[in-house]
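Student: Residues per chain are reported as follows:
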Amino acid sequence: MNATRWMFLIPILPLAGAMLNGFVGRRLPRSLVALVACGGPIASFCLAVLWFFELRSSGDELVNWLGDWFALAGLDVPFGFRLDNLSAVMAVMITGVGSLIHVYSVGYMSKDAGYARYFTYLNLFMGSMLILVLADNIVLLFLGWEGVGLCSYLLIGFWYEDEANARAGKKAFIVNRIGDFGFLLGILLIYVTHGTFDLRQINTDAAGGVVSASGLAISDVAKLWIPLLLFIGATGKSAQIPLHVWLPDAMAGPTPVSALIHAATMVTSGVYMVARLGAVYSAAPSVMLVVAVIGVVTALVAGFIAMSQYDIKKVLAYSTVSQLGYMFLAAGLGAYGIAIFHLVTHAFFKGLLFLGAGAVIHSLHHEQDMRRMGGLRKELPVTFALMLIGTLAIAGCPLLAGFYSKDAILEQAMEKNLILWAIGAATAVLTSFYMFRLLAMTFLGERRGAGAHAGDHAPGGHHDDHHAHAGPVKEAPAVMLAPMAVLAGLSICGGIVFHDLPAFVDSAHVAAHGVLGALVSPSGLLGTVFFLGGAWAAWFFFVKSPATREAVASRNPAGRVLWRFSHGKLFVDELYDALVVRPLDVLSQIFYLLVDRLLIDVVLVSGTSFCARVVGSTLRLLQTGRVPTYAGWLVGGAVVLLIVIFMVLNGR
Amino acid sequence: MESLDTIVFHVTMAISVVAALLVVTRRNPVYSAVFMIVFFTMTAIDFLILRAPFLAVIQVLVYAGAIMVLYLFVIMLLNLKPEELRETVPLRRKLLAFLASAGLFLLLAGAIRSSPKVMSAPSLTAPLPVAAPESVTAAGEVAPLADELFNEHALVFELTSVLILIAIIGAIYLTKKRGTVRHGTSRT
Amino acid sequence: MDKFNPFPLDEVARILPVLTLFATAVVVLVLDLFLRSWNAEPAPDDRPAPRSKWLLPGVSLLGTALATALAVRELSVAETTTIFNGALQIDLFSSWVTCLVLVGTLLTVGAAIGYARRLDVEHGELYALFLFAAGSMALLAQSNNLIMVFVSLETFSMAVYVLTSYTRDSQRSVEGALKYFVLGGVSSAFLLLGLTFIFGATGEIRIDTMAAIIADPAAAAVGVDTHLLIAGLGLSVVALGFKVGAFPFHAWIPDAYEGAPVLVTGFMSVTVKSAAFAVLVRFALMLTGDQIPEAAEYLTEAVWWLAAGTMVFGNLVALVQSSVKRMLAYSAISHTGYLLIGVVAALRSTGEATGAPILFYLLPYTLMTFGAFAILAGLGRESREGETFESLRGLSRRRPFLAFAMMLFMVSLAGIPPTAGFWGKFYLFREAVAAGDWPLALVGIATTVMSVYYYLRVVIAMYMEPADEARQPASAFECTLGPAIVVAIAAAAIVAIGIFPDELLELSEKSIESVARP
Amino acid sequence: MEHLGLDVVLLFATGVFCIGVYGVLSRQNLIVILMCVELMLNSVNIAIVALGRAALAADPPPVSPNMPQIFVIMVLAVAAAEAGVGLAILLAVFRSWRTTNAGDIHLLKG
Amino acid sequence: MDGETALNLVIFLPAAAGLALLLLPGRLHGLIRGAALTATIVTFALSIGLLRNFDPAADGPTPFQFVTSIEWIPSLGIGYRVGLDGISLFLVLLTTLISPIAILGSWTGIKERVREFHIALLFLETGMIGVFAATDLALFYVFWEVMLIPMILLIGIWGSKDRIYAAVKFFVYTMVGSLLMFLAILYLYAHLASEGVESFSLTTIYAGLLDHPLSFPEQVTLFSAFALSFAIKVPLFPLHTWLPDAHTEAPTAGSVVLAGVLLKMGTYGFIRFAIPFFPDAAVAAVPWISWLAIIGIIFGAMMCLVQEDMKRLIAYSSVSHLGLVMVGLFAYGSSGFNSKAVVGSIYQMLSHGVSTGALFLLVGLIYERTHSRRISDYGGFAKIVPRFAAIFFVTLLASIGLPALSGFVGEFLILTGTFETNRLYAVLAATGIVLGALYMLNLYQRVMLGKADEKRPAVADVNFREMVYMTPLIVLMVLMGIRSPWFTRLIEPSVERWLETFRVAAAG
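Residue numbers (this note's numbering), protein chains in the order written: chain A, 4 to 655; chain B, 32 to 219; chain C, 1018 to 1535; chain D, 46 to 155; chain E, 78 to 585.
It should be emphasised that the hints constitute simulated quantities derived from the structure, not laboratory data. Where is the CB? At the ideal position from N, CA and C, for every residue including glycine. Mixed in with the good hints there might be a few duds.
Simulated coverage check for chain B against chain C, where a stretch passes if three residues somewhere in it have a Cβ under 8 Å from a Cβ of chain C [claimed, not checked]:
no.: 1; segment: 119-130
no.: 2; segment: 184-191
Not everything, but these chain A residues come out facing chain B in the computed CB check (under 10 Å) [as the list claims (entries may be wrong)]:
no.: 3; residue: GLY70
no.: 4; residue: PRO631
no.: 5; residue: ALA634
no.: 6; residue: VAL638
no.: 7; residue: GLY639
no.: 8; residue: ALA641
no.: 9; residue: LEU645
no.: 10; residue: ILE646
no.: 11; residue: PHE649
no.: 12; residue: VAL651
no.: 13; residue: ASN653
With the hints as extra help, turn the sequences into a complete structure.
Tutor: Here it is in structure tokens:
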């Protein structure tokens, strides 16, 4: 198949699946729905892999053009796709992980009433995400960007009958939109500066210096603001401070969704975007620093919050935020290849972890609160094993995927900025700690409170037709475990297999170490220490001596404050609520009542007519009904008239 | 002759003004009507002096004779009692009425007195120029008046017949008694 | 004066419409007498017998129609002549105004069929007075000397005074007539004084001669006395302003309109105004000679204020009326204001023939105002309660056609296309703006906005407000044939003129030119 | 004392006219009001005749020297008609209102 | 059939059909509805023919095509002159599309005075098309006013509880503006007439004003009058308060036509008249109008946040959206009015017509079933009426400008153009994106999501008829979202041509 002509199939196939399921899915048998749903992404995956290797071997980028979206003089936006190294990696990863999760979903959602709807959304998401990464211009990228946001909204609120889910979806969308606001302004600034939306052209221009190819001068302001504004978009989409608040709430969606969208793919599009416009960012060192700082601070803060969450998915959500912070750290340090590398490995292990969590939740009949778990390794041995692999991978166990990518980031940080490194290192310890905490609380120890709190639902973790109820806990079906196993395999060997990914993606990347060299590099050694330290701490507090934990968290004043802040997610939601949401509401209400209703409607509009009526009623009194009065008007009027005439006559 | 005319004219003017004032100020309409007749008679004298003998005649006949008699007749017909004739006109209104009419007078007087044509006109009692044609010297006498009326102004004369006819129809129709009075209901 | 022939036949032929009207009036009077004697055993009252119920209106209608046809025929005669030793000037202008008056009369007589019967005023006098009044108005429009102006004005006024009090047993009717009469008498005196001053100033009573004198005083045997002339014109404006209902001389209008039988109200609201405006325009055109433009200028400001005041007053007070009839009376006042804009524009544009908008607008004005009154007449509302806005409720369901026509009239009165009223306002305001007087047009616009509100109230009452069954016996919607036909004709004409106004616009322009360039 | 100025006569006429106006404005009795209107009309007649008399002396002489007097005759006719109709209305008013006081007749207003 | 005839038919066919309806007996509701529908569909088909025959590359003496020019009232300089350019073409199409849909949308909702309803609707259509097609200033004004009467009747007779108040407000508001414009038109005519140009023909006026420009104070005054009239229609803050009432109280068809077409008359008026007639004043007014529009965007959105009535909310969203259109129209920079922003504005007008029209249809549709517009009476409807929810959602997304749907294209072009001319305005205008999502999703959530009231009687989902009229709108939203060149291909040349019809004096 001629790739240059048919490349658009990659995003279109899932979209076609979405259309099919969307229009007629409700009337199709489930198996057919599943077939259609999985068929699209898998076919896309095959094509992506095919063309990935073609690309790799030939080095020729594939460009595909599917008509115009906008065509005005001087403003031309095609539906153009470009498969280059970066987008090829992304496409393969997305279609790969996506296919696995689709397959997993077949099992996970098997009993759900909105089966077809679910897969419609999921396919739609795949299509949008692929458009996002394959777009050859930033407007089309924005289309994908918004599309994934929309799907995210739909899927978070998939079980919309619970208000909380619907609210979470809305929150995600709105927060994303705030980011998009910046993103859109960035696009506009790009257009004004570069005169084009073509991503390749923008990069070339930015790398080239002061004058764009279209002859426009690139001002310093533009140099600074373009990346900054785009980064605002990225903070929204990739849940970075200060717009990270939506992601934990987004866990309200079905777990495969969390795995796919809120861990592996969509949330990483911010990172992708930064990498995509690497030259633009590189041209603005101050923005790079901002990116790095935001990234690392987010990593730390999210890790800190993750330590104390009880909802298993929330932990993973904050973990995702934290890992995304790492990616931005890498990107901010200019190591776009490494950022993408971490992105890919993160997709593997975080996908695995979410799917694992999903398997647990599925087995426990939609119980998400870890305080009611424990000791599940006996009932769910396969899941436990797979989760363990994932945990080891994310925590940075040497040789596993996460180790390599995270190590590469920390190494970059160590080289370039020690403060960033220090924070990143601390985060690494936290990562190890909270992941093992999760593992310990879920699988180790004894089973706690199964069914004891049947009526007391963890927030956001409950769905309408899936009432949590006690029942036999049994392993998830094979259709769910198989994708997990694939991901586990990738988590184990991903770091090694894809070791040259940074160089492939980023031609500027120079690999510091080989696969084994990384193990013994200073950074690698330190990384191992961090991993072990965190793991030990988790073991100590959650397995060996829970009492100490209690002592630290609730009796030590400093510990208590820390715990409160951690558990309360730093009260950012509350802060935003008080600073933005509520004032906006109150202000709107005030404006509505005071400005719209009172000032304009009553005072100005009704007031005018009231005045006219008052004057009319007053004038009406002149009409007394008495002849002499009327005669008076007549004569008086004549006198005045004559006075006026004579005034004019005598020149006043 | 000339000065006599002038004097007489001034006297009639004085009497006219007094009569007019009395017309408008008497409470009893009968008195008003009587002073009205005085006024009309004075006017007839004025007409005589102003070379309008025929007018003087019909002024007496029509105005003093017919119209005022009609008024008196109506006054008698209504037979209003003295208390019904009492008017309670506030002083303020009288003052305003005076101001308005005086203002009107001043304005019109101003116009008249600033008119060069009026101010330069020869005395109205002076004899006509010797060169005046016969039509001018005979003006106001019955024959030339009738001649002009029935030739040049015949149409308007005919129109007055319509006017009078309308007045007759109206007067008959309105005064004819029929049915009961429909009292309008006052506004609620 | 060698031969006595005050009425040469060819000249008489030119006033055939007027003669027809007068003759018909006399015939009707005579027929009425016979009718009463034919009914050997008259009813206790003098109501005519049923078998003759079509006779009086029929004859009147025929006569009026004949007169109208004759008048319309005159419209195609473009020449301007003076007849009867200059007493009348027959030109397109006079023919146009005659037509306007006759259209109003035709509508009135048509609407009287059935209406007069129900009101129990089916007398020969009624029709005779309408016809006499119409004839005198036509003569007023043709008048070319001041005596003629005064006498014809008084003639039709007399008729209208009597008509106003036609329901002579109704307190309201006679009260309205009384006010109209007393104030009308005062205004007549003002007019007479004004005409006297004009005569004094120019030494002339023929309007065309005066116009020539004013245009070129040096050529005249007797000079023009500006002060006296202007004072005279001012006084005449007062009197004519009274007749057309300009603020502050409007006072009689609401009361007389409300008191009079609604048909008479309709008649006088359209015909009196047309006739009086004809004189105003003639006077205004008389002044717009090339030589002494000041004469017009002196008056302009006064008329400007009259126009502005009338528009503001009429509309503001109409806004707060609760009786539709009285609202229409104030609306008539406000339309006087709009028409006065045309007079101001005519006075402003020296040396150029303007004033055509007034002539044009009088036609839609006649149709829509009379149409609205005819609907009130047709609905048989004589008690005051029947004239409120509330009483119109539900009309759109019971009498959809009448309601629709009423809406058309209101829309036209408000000056919204595609009705004739729109082009009237368009033409008027255009003239004002072209004359540089956009402030007056602005006043007109602002007051039109107000007017929209009260015209809309009628539409709201008819279409949008729920009918109050309890307060409205079904008989309240009885509709008689005559008014219905008249309303249909008026409504159709309003739309037709609204869509194809051009011919009439041109005609009105030519009419003005016929006066200005004899 | 020989000169009788046109202005004097006109002022006299206007003065009487204004007295009539004052009467209309200040009186309540409808009969008197009607008389005042007659007064006004008549005063104008004097002015017309005076103007016509003045015109007789003009040079060139007037073409139709009788015209002002004809005017006055017409005014007389109008005045007569007005009196007739006016008094008829007055009677009609009196019949339904039982009063001739102008101030009391105000059913229609506003 | 040639284009001229077709255009004249498009204009007058609805009115003719309206007259013909008078001949039908009033109780045959089905027949009346069918006849009206047929007439509007035929009109639509004819207008599609116009679209196919429209030549974007045409370079005739006037910017207009399918021109009919007949002297109508020569004594006043008024002609019956109609024609279309790329700008008005689509607005006409929008009108002809919305009209049959409005009829279908009120198929069951209107049960009283059915015949009168359809007559009003048909006359309204003629009025609206006439406004867009008129190329004679006076003719335009005639149509502009003609359309008012059926509109207030629609609101006042078939509206809901406070319909009379709403109708009066709408009427008086509109009259205030249009009468001032009327005066300005006359002044403009008088100005040109004094220079010997005595015609209301648009092309003549354009050319006349190029040769004999008005003085700056005159321009400002006249522009203010025109702008006031159009701004009321748009509506521009703070002249918008008629809109929530009118939209809310009007019957579905009324709201659809109001939102879909009527509001565009305001913006269209700016394009066709106010700006080209008085370019210097327009330039001077750029900051004023832009700020008001921006306030409108934000204020309108804030109003949406606190509305309890669905229709009212959507009405306020129009204030916000049309604010954006105005920002685009008045994107004026060093190189003149920004054609991209203007194209975007026109596009947004169309898009808003389709999407907001659809929203009102949907609200009307659900109102027919539940008899409530209060948002709090709803909840969980996605479960009860899934098809409805899906359509509602897509429409709403189009409305908030999600890429690949119609709203985005216009917004994006407007913002791009505005950003080129004035960044501050663009940034502030773009806040609408966030706020728009906020209130629309709020609405969706409160109506569609959450738990359905168990006790609620069953509510039927979208039926076939409703699908029939919603489908074209949805298809259009998507098509306009992904194939904008199909539309801009025709619009852009006209906008370029439009920019040539006037000249801004140096340093206005």
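Student: Which constraints among the numbered hints does this structure fail? Numbers only, ascending.
Tutor: 1, 3, 12
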